Amino acid sequence: MGRFSTDPDRFRDEIASYISDKCPEELCSIPTGRREVCWGGKRFRFSSDAQRDWMNAAAAAGLTAPRWPEAYGGAGLTREQEKIFREEMRRAHAPSPLESFGLWMLGPALLAFGTEEQKKHFLPQITRGEIRWCQGYSEPGAGSDLASVQTRAEDKGDHWLVNGSKIWTSYADKADWIFALVRTDREAPKHKGISFMLIDMESEGVSTKPIKLISGMSPFCETFFDNVKVPKSYGEGLSSIVGEQNRGWDVAKHLLTHERTMIGGGGGGGILGGRSLGDFLNSLDEGVMDDPVIRAEAMELEVDSLAMGMTLERYGDMAKAGGVGNASAMLKYYGTELNKRRYELLMSAGGAYATEWDGPFGSTAPEWLRTKANSIEGGTSEVMLDIIAKRVLELPSK
Amino acid sequence: MTTLMLTEDETMLRDAARGFLDGAAPVKNLRENRDQGRTFDPGLWKEMAQMGWAGVLVSEDNGGSGMGHRAAGILAEEMGQTLVASPFISSAVIAATALRNSASDRLAGIAEGSLLYALAVDEGAKHGPAGTAMTAEKSGNAFRLTGRKTFVADGASASRVLVLARTAGSAGETDGLTLFDLDAGRAGITRERKNTVDSRDFAQIDFDAVEATGDDVVGEVDGGHDAIAQALNAGQAALSAELTGLSAGAFAMTAGYLKERRQFDRIIGTFQALQHRAAHMWSEIEVTASAIANAGRVLDETPDESELAVSIAKARATKTAKLVVSEGVQMHGGIGMTDEFDMGFYMKRARVGAEWLGDYGYHAARVARARGF
Numbered sequence: 001m002g003r004f005s006t007d008p009d010r011f012r013d014e015i016a017s018y019i020s021d022k023c024p025e026e027l028c029s030i031p032t033g034r035r036e037v038c039w040g041g042k043r044f045r046f047s048s049d050a051q052r053d054w055m056n057a058a059a060a061a062g063l064t065a066p067r068w069p070e071a072y073g074g075a076g077l078t079r080e081q082e083k084i085f086r087e088e089m090r091r092a093h094a095p096s097p098l099e100s101f102g103l104w105m106l107g108p109a110l111l112a113f114g115t116e117e118q119k120k121h122f123l124p125q126i127t128r129g130e131i132r133w134c135q136g137y138s139e140p141g142a143g144s145d146l147a148s149v150q151t152r153a154e155d156k157g158d159h160w161l162v163n164g165s166k167i168w169t170s171y172a173d174k175a176d177w178i179f180a181l182v183r184t185d186r187e188a189p190k191h192k193g194i195s196f197m198l199i200d201m202e203s204e205g206v207s208t209k210p211i212k213l214i215s216g217m218s219p220f221c222e223t224f225f226d227n228v229k230v231p232k233s234y235g236e237g238l239s240s241i242v243g244e245q246n247r248g249w250d251v252a253k254h255l256l257t258h259e260r261t262m263i264g265g266g267g268g269g270g271i272l273g274g275r276s277l278g279d280f281l282n283s284l285d286e287g288v289m290d291d292p293v294i295r296a297e298a299m300e301l302e303v304d305s306l307a308m309g310m311t312l313e314r315y316g317d318m319a320k321a322g323g324v325g326n327a328s329a330m331l332k333y334y335g336t337e338l339n340k341r342r343y344e345l346l347m348s349a350g351g352a353y354a355t356e357w358d359g360p361f362g363s364t365a366p367e368w369l370r371t372k373a374n375s376i377e378g379g380t381s382e383v384m385l386d387i388i389a390k391r392v393l394e395l396p397s398k
Numbered sequence: 001m002t003t004l005m006l007t008e009d010e011t012m013l014r015d016a017a018r019g020f021l022d023g024a025a026p027v028k029n030l031r032e033n034r035d036q037g038r039t040f041d042p043g044l045w046k047e048m049a050q051m052g053w054a055g056v057l058v059s060e061d062n063g064g065s066g067m068g069h070r071a072a073g074i075l076a077e078e079m080g081q082t083l084v085a086s087p088f089i090s091s092a093v094i095a096a097t098a099l100r101n102s103a104s105d106r107l108a109g110i111a112e113g114s115l116l117y118a119l120a121v122d123e124g125a126k127h128g129p130a131g132t133a134m135t136a137e138k139s140g141n142a143f144r145l146t147g148r149k150t151f152v153a154d155g156a157s158a159s160r161v162l163v164l165a166r167t168a169g170s171a172g173e174t175d176g177l178t179l180f181d182l183d184a185g186r187a188g189i190t191r192e193r194k195n196t197v198d199s200r201d202f203a204q205i206d207f208d209a210v211e212a213t214g215d216d217v218v219g220e221v222d223g224g225h226d227a228i229a230q231a232l233n234a235g236q237a238a239l240s241a242e243l244t245g246l247s248a249g250a251f252a253m254t255a256g257y258l259k260e261r262r263q264f265d266r267i268i269g270t271f272q273a274l275q276h277r278a279a280h281m282w283s284e285i286e287v288t289a290s291a292i293a294n295a296g297r298v299l300d301e302t303p304d305e306s307e308l309a310v311s312i313a314k315a316r317a318t319k320t321a322k323l324v325v326s327e328g329v330q331m332h333g334g335i336g337m338t339d340e341f342d343m344g345f346y347m348k349r350a351r352v353g354a355e356w357l358g359d360y361g362y363h364a365a366r367v368a369r370a371r372g373f
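Protein chains in written order, with this note's numbering: chain Y, 1 to 398; chain W, 1 to 373.
These are calculated hints, taken from the structure and not from any lab test.
Computed from a predicted structure; not experimentally measured.
Accuracy of the hints is not assured; some may be wrong.
Unchecked claim - Computed cross-link-like contacts, DSSO-like style, restricted to lysine-lysine with a CA-CA straight-line distance of at most 27 Å:
#	chain 1	residue 1	chain 2	residue 2
1	W	Lys259	W	Lys126
2	Y	Lys340	W	Lys28
3	W	Lys348	W	Lys138
4	W	Lys28	Y	Lys390
5	W	Lys322	Y	Lys390
6	Y	Lys42	Y	Lys22
7	Y	Lys83	Y	Lys174
8	W	Lys28	Y	Lys398
9	Y	Lys174	Y	Lys372
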């Protein structure tokens, strides 16, 4: 029996009062565009006491990971209950209590491939916001061709000796631990010699260097491993490898598919401030909507965005009913290309104003630049099209 | 709202329809119809009616199967796959919706498949009910209709015509229109079938002082725009579904060709340039399929709010079909240009379907209005 009722109406009442009791009013009154994300972790600086209190209260009820089992720090909600929970969160204007790569990526990988001990040890640290994880996949020589990773882990008896470097590690400079793809067998074919390893970022020999992007922001880092000793085990049943040794590619693939299913239609920009694209464009006093080209592009974008929203809904239901498999590559491809179009339109609507880093159009310019990475990270649009062509349409390789 | 995924019943309906049409109505039937100067096959339509397709939107009380708009979309999609020519959209969808509240036994005739309807709305190159200029002069309880209707789907073969005419106001206004339900043989009506590229029945209908009475009016006098709005939405949704089935059919042919055609000592489907274009087309079809499912659901569940959903579907379906047939011909190369090969039929139907009941611009503008642009 869970801590909440199974009856949907009673559940809604309970969850609504939990939110209104525990989520501080000062958080609910912050407009959507100005909220600061709560990432958690040892080094995280909360923007307010309220932000910390809300994270802790939500974690205590398992609501930072609503669908995860209670035994691992989640709330054990069904899909329907989760939907009600999200609805009540929106109704209360409550911000998300915690976001993290642990919740989005490592958690699902551990739930699918982890041992009971690994789940019991690592998952609650994630749901309580104690440990912040980062993802170590790409390398300077392994981008789209991810399976050619060269960072190697040599077997030294009781530990692995890790050497190499990772790139595009999001927030590595702020993370406590990293889940990384490392080569544990250099003789095997490239997909068969990779392991999915959990490494403490405080280990000796780990260093990070932020990468400055065209948007002026530095969300990504280079991460270096210089003779890093990684224990083979962190305790009884607590291997530092998730899944089987040399089978890390299975875990990575599972996670990438999961990641692609989650990629949405895109929010549409902070400048909109919750308004629809139409309302926003109409509000511009320069009469941009009188420009027939901008108007036509906006109309076409609106048609496609709305249809994409329906597609996310349909695919979500299909995923629930049995999975969408490689077809999820389509969501990633289409959603990110659409988001780039949306920002091109916003820039065009803003004209000269939008060319300023922080002018009348707010942070639209850096956001616009940031969207250019959408169709690269997590698998490029071209890789997505390859997956669709080969796996969904079964077009021949030779 | 019910899921946008196919339910179990809907999957069964789709499989049954596909099984039947694959056997009874492959694309070569369209070719035969064309070569023999026929616009559709009455025998095939009778079989479809016997399976309840003609009565898909007629309630069981009135002799129909009452399966609803989502089901109508599934049937239309399957018909689109093999370019089945039939009075389905004009009679079973548009007329059945327009007459849904009428007490007449015409609904039973529609459900039986014996009564064929056509909808006469447009008067020029583009769709737009409000643009109706044709007049219906009132005198007492009588009307006299004069004017010309163009691009009337199934207009030459239908036994009855739903016609929108102006009883008040002037062209461009939505008020002042009245919808009439007339026997196609009434004195003063002349029909001329036009030779459209899709080899189907599109007619020009002239009304020369055609007499009508209040009994012939559907809905309210001067309220014709409302009387036909829901039927147009239903027809547009079904046509969008047909176009999406058409896209899927043309795409399947193209993907099949990519897997067998050899050039430069290789199967051409191994070329990444073609693979990516194929994958892009498939993505567009998937996104459009969601809009089709959504339009059917909204028409079934909240019909008064269906305009936005329907226009998203028609805009998407039109654009997707255009992409898929263009790429279909291109990827087939020279053979795609021959009459002997079926791809051309898909291209021609896609063009006619793009115009019928409102083109991309008409529907994108409706979306924009609904979304506050």
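Now the hints, each set against the structure:
no. : hint                  : in the structure
1   : W:Lys259 <-> W:Lys126 : 40 Å, violated
2   : Y:Lys340 <-> W:Lys28  : 43 Å, violated
3   : W:Lys348 <-> W:Lys138 : 41 Å, violated
4   : W:Lys28 <-> Y:Lys390  : 31 Å, violated
5   : W:Lys322 <-> Y:Lys390 : 24 Å, holds
6   : Y:Lys42 <-> Y:Lys22   : 23 Å, holds
7   : Y:Lys83 <-> Y:Lys174  : 31 Å, violated
8   : W:Lys28 <-> Y:Lys398  : 33 Å, violated
9   : Y:Lys174 <-> Y:Lys372 : 23 Å, holds
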